[in-house]
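Peer 1: As a plain string of letters, each chain reads:
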Amino acid sequence: MARDAVSLRTVDLLGIFWRSFFIQASWSYDRLQSLGFAFALLPALRRLYPDQSELSSRLAVHMEYFNTQPYLASFILGAAARAEEERATGRKPDLDVTELKTTLMAPLGALGDSFFWGSLRPFAGAAAVAVLLTGAWWAPLLFLVLYNIVHVGLRFDLVFVGYATQGDVVRLLSRYSFTRLARRYKAMSLAIVGCIVGTISLWEPVFRPAVAVPSPGLAAGGMALMLALTALLRIGATPVNLMIGLAAVCLVCALGGIV
Amino acid sequence: MPDAHIITQVLIAAVICGIIGLDRTALGQFMISQPVVAGPLTGWLLGDVTAGLVIGGTLELIWVLDMPIGTFVPADSTVAAVAATAIAALGSSKPGDLSVIGFSLLMTVAMVPVTMFADHLMRQRNAQIPELALSSGGLPTVAGVTTWHLAGLIAFFLKSFFMCLALVPAGLILVGGFRSLPASFSRAMEVFVTLLPLLGAASVARKLSMHTLDRTLLAGFCIGAVSVQLFHLPELAAIMLAAAGGWVGVRSHGA
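These protein sequences, in sequence, are chains A and B. 1 is the number of the first residue of the first sequence in our numbering; add one for each residue after it. 1 is the number of the first residue of the second sequence in our numbering; add one for each residue after it.
Nothing false has been slipped in among the hints.
Okay, the calculated beta carbon distance ranges per label pair: (1) 93/B with 60/A: 58 to 64 Å; (2) 125/B with 9/A: 33 to 39 Å; (3) 9/A with 95/B: 49 to 55 Å.
Keep in mind that the hints were calculated from the coordinates and are not lab data. No residue lacks a Cβ here, since even glycine has one placed at the ideal position from N, Cα and C.
Please model the entire structure based on the sequences and the hints provided.
Peer 2: Have a look at this one:
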């Protein structure tokens, strides 16, 4: 196994970073991101294994079942690249890369889902909608900036952190306090959503409920309706059902001359 | 007989939907596929930004916390936003027609189970892709992995493209019928649209808090209502104040 030491270059890790954006291109129920992981790791594997048959066998290893949060996959990609380097150069010839991936994918999946889908995206969405309701056309751009500064920045950094730490999650968590940040994003999202309802009388005219109620009454009515809808969602109603129900109520009110 | 202009616009909408739909799962995930971006972008390209902004703004909060965890595939808010915007832009006689926007939203949202089923079928078929990447010797090759993995993008594109291509013409036919209904139907759809941001707010509150009346949410409400109605603070300042309040509040509780 030992051969002339070939180590990965920055350009190889940059190649992995670029390909990480394609990690879910062939997402399926059976293998999830398996083929995407092998595809993203190709710049490293090609560098480390010039022999085609060895390259094929290493590709086969990385085509086994794999699934995690797609952004935090960057950390595992960096760690796997480092593990392949250790293995290919003979420093740790028996290193089990599959075990490393299996160990990391579940906890990072849970962490990433909670942070990105459960806190950062709602925060960016709530901020953008709040701004949109004031009539600002640039709200979609605000959403993209708020979200992607964190998303792309982390994806880039995590490839290098994963490589440098060899997949050490403790060092990852000491660098980024995902749980603490998630709690802050969630709190800010809730506060902004509350503010959206509180400023109902100042919404852009196309959004503002056109009913003859003074501003404080409108805000209180908006809050009451929102709480009622929240209660319905809690007891099992779905957003689609509630939308259809709201439309039906509006139709009855319109036909009855109430609105 | 539909004119060539409408056919071209429907095809443009379907192509937009296919491209933006890639961002949803297969490529990048920069969140261009979120309704608050996909709606206005589609509206801008089809000549009715207002419809896109209204549809994107109303749908965003409703589905923003539908999370693609494990094998769960959430409601396809991208197809809903793009198709609703296209129907509203192409089906109304004036830009930003709130009643047509409301009707378009209702139609596309009612079709969400169909779009989810299409997504499900496509992902089932993708299971064959890893096998195709293997050579005759049973081992993968670089060319096989690269080609077949990227071929998955075509499947994701086609799924969104064809869903939009089916939904928009059907929606335009139904909008034609809707516009001939009595005025009270239009009025109902106008009120419906104005209430949707509250459903979005409820949806976020439901997923982010264990309590129906969350303290942070209530604090944000008070900040918004008091600062703009009593002190006439600009809305943007009130939003930033509320966000800062949420940040400080959670910090004071040790997070």
